[in-house]
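Chemist: In the order they appear, the protein sequences are chains C and V.
For any residue, its number in this note's numbering is found by taking its place in the first sequence, counting from 1, and adding 14.
For any residue, its number in this note's numbering is found by taking its place in the second sequence, counting from 1, and adding 63.
Bear in mind the hints are in silico, worked out from the structure with no lab data behind them.
As the structure is a prediction and not an experimental result, all values here were calculated from the model.
For every residue, glycine included, the Cβ atom is placed at its ideal position computed from N, Cα and C.
Among the hints, erroneous ones may be present.
[Claimed, not checked] Between beta-carbon pairs, the in silico distance windows are:
no. : chain 1 : residue 1 : chain 2 : residue 2 : range
1   : C       : Ser-155   : V       : Ser-210   : 33 to 39 angstroms
2   : C       : Leu-167   : V       : Ala-214   : 34 to 40 angstroms
3   : C       : Pro-49    : V       : Gly-333   : 50 to 56 angstroms
4   : C       : Thr-135   : V       : Ile-342   : 39 to 45 angstroms
5   : C       : Arg-40    : V       : Pro-206   : 22 to 28 angstroms
6   : V       : Ser-224   : C       : Arg-58    : 42 to 48 angstroms
[As the list claims (entries may be wrong)] Derived DSS-like pairs (lysine-lysine); straight-line CA-CA distance at most 25 angstroms:
no. : chain 1 : residue 1 : chain 2 : residue 2
7   : V       : Lys-128   : C       : Lys-149
8   : V       : Lys-177   : V       : Lys-246
9   : V       : Lys-124   : C       : Lys-149
10  : C       : Lys-92    : V       : Lys-246
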Amino acid sequence: MLKSLLFLATFLAASSCVASAQASVRVEPTNLQGPRSLPEETGRAAIRDYLQSWQSLNAAFEQNRASLLDPAFVGIAKDKLTETIQQQAALGIRTHYTDRAHDIQIVFFSPEGLSIELLDTVNYDVEFIDNNGVKTTQHVSARFLIIVTPAELRWRVRVFQAEPE
Amino acid sequence: MRVRLTFLFGVLAAAIAQMSLAQDARMQLPTTVEAGSAFSIPSVGNGQATLYIVGLGQVLKRSVKLGETAFFPAGSLISAGHYLVVLAGTSATQNGSFDVVSAHEPANLSFLAKPSRLPVGLHGGITGAVYVFDDYHNLISAPTPVSFELANPSSTVQKQSVVTRNGAAWAVMDSTAHQGIDKFVARVGDVYSTRVVAQVPGDPCGLKMTAQLIGQQVRLVTDPVRDCSGNAVPDGTLVTFTENYNGAQSTVDEPLKNGVAEVELSAHNGAAFSVASGIVMGNQIRWEK
């Protein structure tokens, strides 16, 4: 009985940790421009893969390992993020990005079906750590323009750019 | 009561002092910086400090002397995004942030046209989508006019002007009545990108054959095969000749050569010959000796 209670308590604590680590996601109704309608399943997949890209991004920036971007990013976005990680590593800096909330809207599905543009107002925390001991955390709210394109198995982020809200 | 009031005033005074310290510690940062342009960050205080500018697109670290202004020449920050600024001195760390926005001048277009090959005379058959970028590969989200132009050497030019939304614009064009190589151009100011779209003849139209007795055989020959716009259907396109006689059927596929297809089949009295290409049916001939 005691063992069962202990297990339940551990399970609930673990669940609560997982829940707190996950960002809340709100998807606005699609406000699409373009001649092509977006199948619901396609939109869901694009958003799912985009949200997963934040995990890749966080791991890559925290560990200064650009290769962790590979599954989720491609093209301009990957090039820029890779370069930033290389700069971080060279300067002895690490950053930890934790996304807290997303407010996403799909705004463009290109006519040939090869790109989807999303707008996402993201609330996230950035923890900045310099190897010499400087450490600070800031909370940020920013609007991101994201373009995802299809790859073999998933949508990958090709443009990932924050701009003033 | 007096003790409580004293305590309250004490807490209030401490809070005000804290707020004024925070105000002093706030850096004078630009709200936005255009990608690639010069900017400066003034600082207050004395002594040495390290200034960090940290974003997803770039990271800068520089030693600064507090009380002086740190100048960043053009080209220092080129990647659009949100940047944190951390000024770490020996006694305190100041934080702030600003945005780097894309340059106003378009420099690159990502232009995707589809398809690269299609039949003539297809309404809404050609689409083009363009994303507009600045010189540093930042997406320009400000509304930007884009002109799309589809030009066929032997027909009129189709033009559309579209203003980008969130950096994207698109257009739909018709394929023209004439086969050939079209140039599909997307243009923003002096910046343009060209794609080639091959317009090929459509399905055969008015497929017709004639029959002629050659010994014991009937020679079936099509007229020059053209699409409904009069474009010659390319050689190699298969034409199917069929003979139906006495419940039996013989079929022969022949490619077009020099615009026509021909075949020789047995000349049975009462046989019915037909011709087709793809889903297009031609005429029928009943052979009577």
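Chemist: If a hint holds in the structure, say so; if it does not, say that too.
Modeler: Status of each hint after checking the structure:
A beta carbon spacing of about 36 angstroms between Ser-155 (chain C) and Ser-210 (chain V) agrees with the range 33 to 39 angstroms that was offered as a hint. For the pair Leu-167 (chain C) and Ala-214 (chain V), the beta carbons lie near 39 angstroms from each other, so the given range of 34 to 40 angstroms is met. Remark: the range hint 50 to 56 angstroms for Pro-49 (chain C) to Gly-333 (chain V) is upheld by a beta-carbon distance near 54 angstroms. Checked against the hint of 39 to 45 angstroms, the C-beta distance between Thr-135 (chain C) and Ile-342 (chain V) comes to roughly 51 angstroms, which is inconsistent with it.
Distance hint check for Arg-40 (chain C) and Pro-206 (chain V): the Cβ-Cβ separation is about 26 angstroms, which falls inside the suggested range of 22 to 28 angstroms. For Ser-224 (chain V) and Arg-58 (chain C), the Cβ-Cβ distance of about 34 angstroms falls outside the hinted range of 42 to 48 angstroms, so the restraint is violated. Restraint check for Lys-128 (chain V) and Lys-149 (chain C): the C-alpha separation of about 20 angstroms stays at or below 25 angstroms, so the hint holds. Distance hint between Lys-177 (chain V) and Lys-246 (chain V) is fulfilled; the C-alpha atoms sit about 12 angstroms from each other, no more than 25 angstroms.
Proposed proximity of Lys-124 (chain V) and Lys-149 (chain C) is supported: the alpha carbons are some 14 angstroms apart, at most 25 angstroms. Taken as a hint, the Lys-92 (chain C) and Lys-246 (chain V) pair is broken in the structure, with Cα atoms around 31 angstroms apart against an allowance of 25 angstroms.
Consistency note: the structure conflicts with the earlier hints numbered 4, 6 and 10.
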